[in-house]
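With the hints as extra help, turn the sequences into a complete structure.
Residue numbers (our numbering), protein chains in the order written: chain A, 1 to 331; chain B, 1 to 331.
Warning: the hint list may mix true and false statements.
Treat identical chains as interchangeable: a pair holds within one or across any two.
As the list claims (entries may be wrong) - No farther apart than 30 Å at their CA atoms in a straight line, the calculated lysine-lysine pairs in the DSBU-like style are these:
1. 326 x 243
2. 99 x 136
3. 99 x 69
4. 69 x 153
5. 205 x 69
6. 50 x 205
7. 162 x 307
8. 176 x 162
9. 99 x 135
10. 132 x 99
11. 326 x 69
12. 122 x 99
13. 122 x 201
14. 307 x 132
15. 153 x 243
16. 324 x 135
17. 243 x 307
18. 153 x 201
19. 99 x 201
20. 326 x 241
21. 122 x 205
22. 50 x 69
Keep in mind the hints are simulated off the structure, nothing from the lab.
Number of protein chains: 2
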Amino acid sequence: MADTAAKRETDSVGTDELSQRVKRAKADNENGDGGVGKDPESEHILSEFKTSTVLSDSAREKTIFVHGKLGDQEAVVILEKTPIREDDLAELFTGSRLKLEMRNDIYSTYRLLAPPQLNEIKTTVVCPATEKHIKKYQRQESSLVEETGEDYKSITLPYIQKQSFSVQWVHNILEKKAEAERIVYEDPDPEVGFLLLPDFKWDQKQVDDLYLIAIVHQRDIRSLRDLTSEHLPLLQNIFQKGKEAVLQRYSLAASKLRVYLHYQPSYYHLHVHFTKLGYEAPGCGVERAHLLADVIQNLQSDPQYYKTRTLYFPLRADDGLLGKFKEAGRL
Amino acid sequence: MADTAAKRETDSVGTDELSQRVKRAKADNENGDGGVGKDPESEHILSEFKTSTVLSDSAREKTIFVHGKLGDQEAVVILEKTPIREDDLAELFTGSRLKLEMRNDIYSTYRLLAPPQLNEIKTTVVCPATEKHIKKYQRQESSLVEETGEDYKSITLPYIQKQSFSVQWVHNILEKKAEAERIVYEDPDPEVGFLLLPDFKWDQKQVDDLYLIAIVHQRDIRSLRDLTSEHLPLLQNIFQKGKEAVLQRYSLAASKLRVYLHYQPSYYHLHVHFTKLGYEAPGCGVERAHLLADVIQNLQSDPQYYKTRTLYFPLRADDGLLGKFKEAGRL
Numbered sequence: 001m002a003d004t005a006a007k008r009e010t011d012s013v014g015t016d017e018l019s020q021r022v023k024r025a026k027a028d029n030e031n032g033d034g035g036v037g038k039d040p041e042s043e044h045i046l047s048e049f050k051t052s053t054v055l056s057d058s059a060r061e062k063t064i065f066v067h068g069k070l071g072d073q074e075a076v077v078i079l080e081k082t083p084i085r086e087d088d089l090a091e092l093f094t095g096s097r098l099k100l101e102m103r104n105d106i107y108s109t110y111r112l113l114a115p116p117q118l119n120e121i122k123t124t125v126v127c128p129a130t131e132k133h134i135k136k137y138q139r140q141e142s143s144l145v146e147e148t149g150e151d152y153k154s155i156t157l158p159y160i161q162k163q164s165f166s167v168q169w170v171h172n173i174l175e176k177k178a179e180a181e182r183i184v185y186e187d188p189d190p191e192v193g194f195l196l197l198p199d200f201k202w203d204q205k206q207v208d209d210l211y212l213i214a215i216v217h218q219r220d221i222r223s224l225r226d227l228t229s230e231h232l233p234l235l236q237n238i239f240q241k242g243k244e245a246v247l248q249r250y251s252l253a254a255s256k257l258r259v260y261l262h263y264q265p266s267y268y269h270l271h272v273h274f275t276k277l278g279y280e281a282p283g284c285g286v287e288r289a290h291l292l293a294d295v296i297q298n299l300q301s302d303p304q305y306y307k308t309r310t311l312y313f314p315l316r317a318d319d320g321l322l323g324k325f326k327e328a329g330r331l
Numbered sequence: 001m002a003d004t005a006a007k008r009e010t011d012s013v014g015t016d017e018l019s020q021r022v023k024r025a026k027a028d029n030e031n032g033d034g035g036v037g038k039d040p041e042s043e044h045i046l047s048e049f050k051t052s053t054v055l056s057d058s059a060r061e062k063t064i065f066v067h068g069k070l071g072d073q074e075a076v077v078i079l080e081k082t083p084i085r086e087d088d089l090a091e092l093f094t095g096s097r098l099k100l101e102m103r104n105d106i107y108s109t110y111r112l113l114a115p116p117q118l119n120e121i122k123t124t125v126v127c128p129a130t131e132k133h134i135k136k137y138q139r140q141e142s143s144l145v146e147e148t149g150e151d152y153k154s155i156t157l158p159y160i161q162k163q164s165f166s167v168q169w170v171h172n173i174l175e176k177k178a179e180a181e182r183i184v185y186e187d188p189d190p191e192v193g194f195l196l197l198p199d200f201k202w203d204q205k206q207v208d209d210l211y212l213i214a215i216v217h218q219r220d221i222r223s224l225r226d227l228t229s230e231h232l233p234l235l236q237n238i239f240q241k242g243k244e245a246v247l248q249r250y251s252l253a254a255s256k257l258r259v260y261l262h263y264q265p266s267y268y269h270l271h272v273h274f275t276k277l278g279y280e281a282p283g284c285g286v287e288r289a290h291l292l293a294d295v296i297q298n299l300q301s302d303p304q305y306y307k308t309r310t311l312y313f314p315l316r317a318d319d320g321l322l323g324k325f326k327e328a329g330r331l
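As structure tokens, this is what we get:
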């Protein structure tokens, strides 16, 4: 399952992963010696930081990942603004200065200058950082690829076959050799059956970010591209029973679900994503997700829809398949 | 335009939409009188703000929407931390204090106390705020609605017509009575022509979150539902010339763009969204967005595709249209 996990991880290069690792080690918190220390100097350690390059940033999430040097050592510094806490509001409102930006009718906008202690920036330093760290935090540009039915046959399918990505971990799940205790629902039918289980991204602590995966028992369906009207009973069965199982287990109505397939998928054994509507799950964007309801409808009106259509999907700059499309002059 | 703007705001409970309305009217900026003013007092206007309740917040986006009172008037205050800018890094690193939180091996975390002017909070005040404003900013659950071609005719279309949402502000743009200086590109042809201009969500300071809108000159196309193969020349023209204009103006290749329509749209005058691939723009999820390339392809193979298909989209609990679907027993 390593391949998949790695693939999954690359989807969401977050500060969360890092903070996970950092928290995991928090027990060792007080034992440090040498290096960046608890000594007073550490309060100004970043003043000697020399920025080389911004690895990635997010205007939406207010984060930035910076590569540079601390003294003669490579380092990565990660800054993330902290969420605005309800408890701080009163003090924020009384203790801050406002600069008027514009005003119109009932609307006015300001720049608010807050006391630093009410407006901290979470800072993580990785030092010395290896090449691997730097690559990990680097934003990978994606390009939208246009794949005709012909491109699939001549470029994508041979690539998938040559890579022979292992889906042994999927077979282990289907055979109950692994993760059996995580199964939420199973329809054991070999033709239309499937297993439903939580995605690893979901900690199952709240339904706000519910994320389940339905994995089909049939083993020869790689992706959307293999689907024809023959598979309608399978797809309809997943749609229907999957929604029922979510209602049963999590009391979440079908109208609160986003049910979709990925193209390209992360692994080439047909699976369907069930996520909570309103939760912006990684990969739920229109450039990669296909609503199961649309897939069913499209196959009903054209049995060969996904064999013949041009499909669009993003590929990261370091994805081998992107190289194949470039070689073929398709980008 | 109030209704339409309000509709936009309800879509993604963003501060962005609000700033949209605020910015749109920026011309009137200096004419105000009374209320929250440009006088020095405005610098401390929030010190008298009494919080009643937090309407919504986002730990991910570092935003909070607060309802309360300014004197004896109802008000909504919206705070959003600002993105971390590369240009500020050097000053941030030298001018800030760090408080060590934990340290383990090569990892250490700190709380960074930054100079207020390098760490502003964008603040928007709506005062006096009506019940409608308060409702608008309140977090709302959405439900996925299934709309058949028949449902569109019997439920959605009558609702749209009855509401008669004003698109006067769109006409103002098309007639160059407003926002003329913001136009990035125009094809003036009355049949296949359109205007391309930045969405208000985009501050145009970096292409990372590029967001442009193409608004068609034709005035009788409400949405995806009105499109038939007759409109292919229009759609292809927008796709082609829009991508060229983005390349020309922002040096961003077509393969880095996500080009799509919304259904339901925020306003019923046909428009197309151009956003940067990789930027998780609000509304780019598969449940609401339709790739223009797919729309073109679908109309090519079935001229009536969008008249006859069942379409799926989320509606907020307070959306009047959701009430209509419930009344009709369709939810």
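Going down the list of hints, with the structure as the test:
no., hint, result
1, 326 x 243, "between (40 Å within a copy, 20 Å between copies)"
2, 99 x 136, "between (39 Å within a copy, 26 Å between copies)"
3, 99 x 69, "between (36 Å within a copy, 20 Å between copies)"
4, 69 x 153, "neither (44 Å within a copy, 63 Å between copies)"
5, 205 x 69, "between (34 Å within a copy, 27 Å between copies)"
6, 50 x 205, "between (34 Å within a copy, 24 Å between copies)"
7, 162 x 307, "within (20 Å within a copy, 42 Å between copies)"
8, 176 x 162, "within (28 Å within a copy, 56 Å between copies)"
9, 99 x 135, "between (40 Å within a copy, 27 Å between copies)"
10, 132 x 99, "between (43 Å within a copy, 27 Å between copies)"
11, 326 x 69, "neither (35 Å within a copy, 59 Å between copies)"
12, 122 x 99, "both (25 Å within a copy, 10 Å between copies)"
13, 122 x 201, "both (14 Å within a copy, 26 Å between copies)"
14, 307 x 132, "neither (33 Å within a copy, 49 Å between copies)"
15, 153 x 243, "between (34 Å within a copy, 28 Å between copies)"
16, 324 x 135, "within (19 Å within a copy, 51 Å between copies)"
17, 243 x 307, "both (27 Å within a copy, 27 Å between copies)"
18, 153 x 201, "neither (32 Å within a copy, 40 Å between copies)"
19, 99 x 201, "between (35 Å within a copy, 21 Å between copies)"
20, 326 x 241, "between (41 Å within a copy, 24 Å between copies)"
21, 122 x 205, "both (16 Å within a copy, 24 Å between copies)"
22, 50 x 69, "within (5 Å within a copy, 46 Å between copies)"
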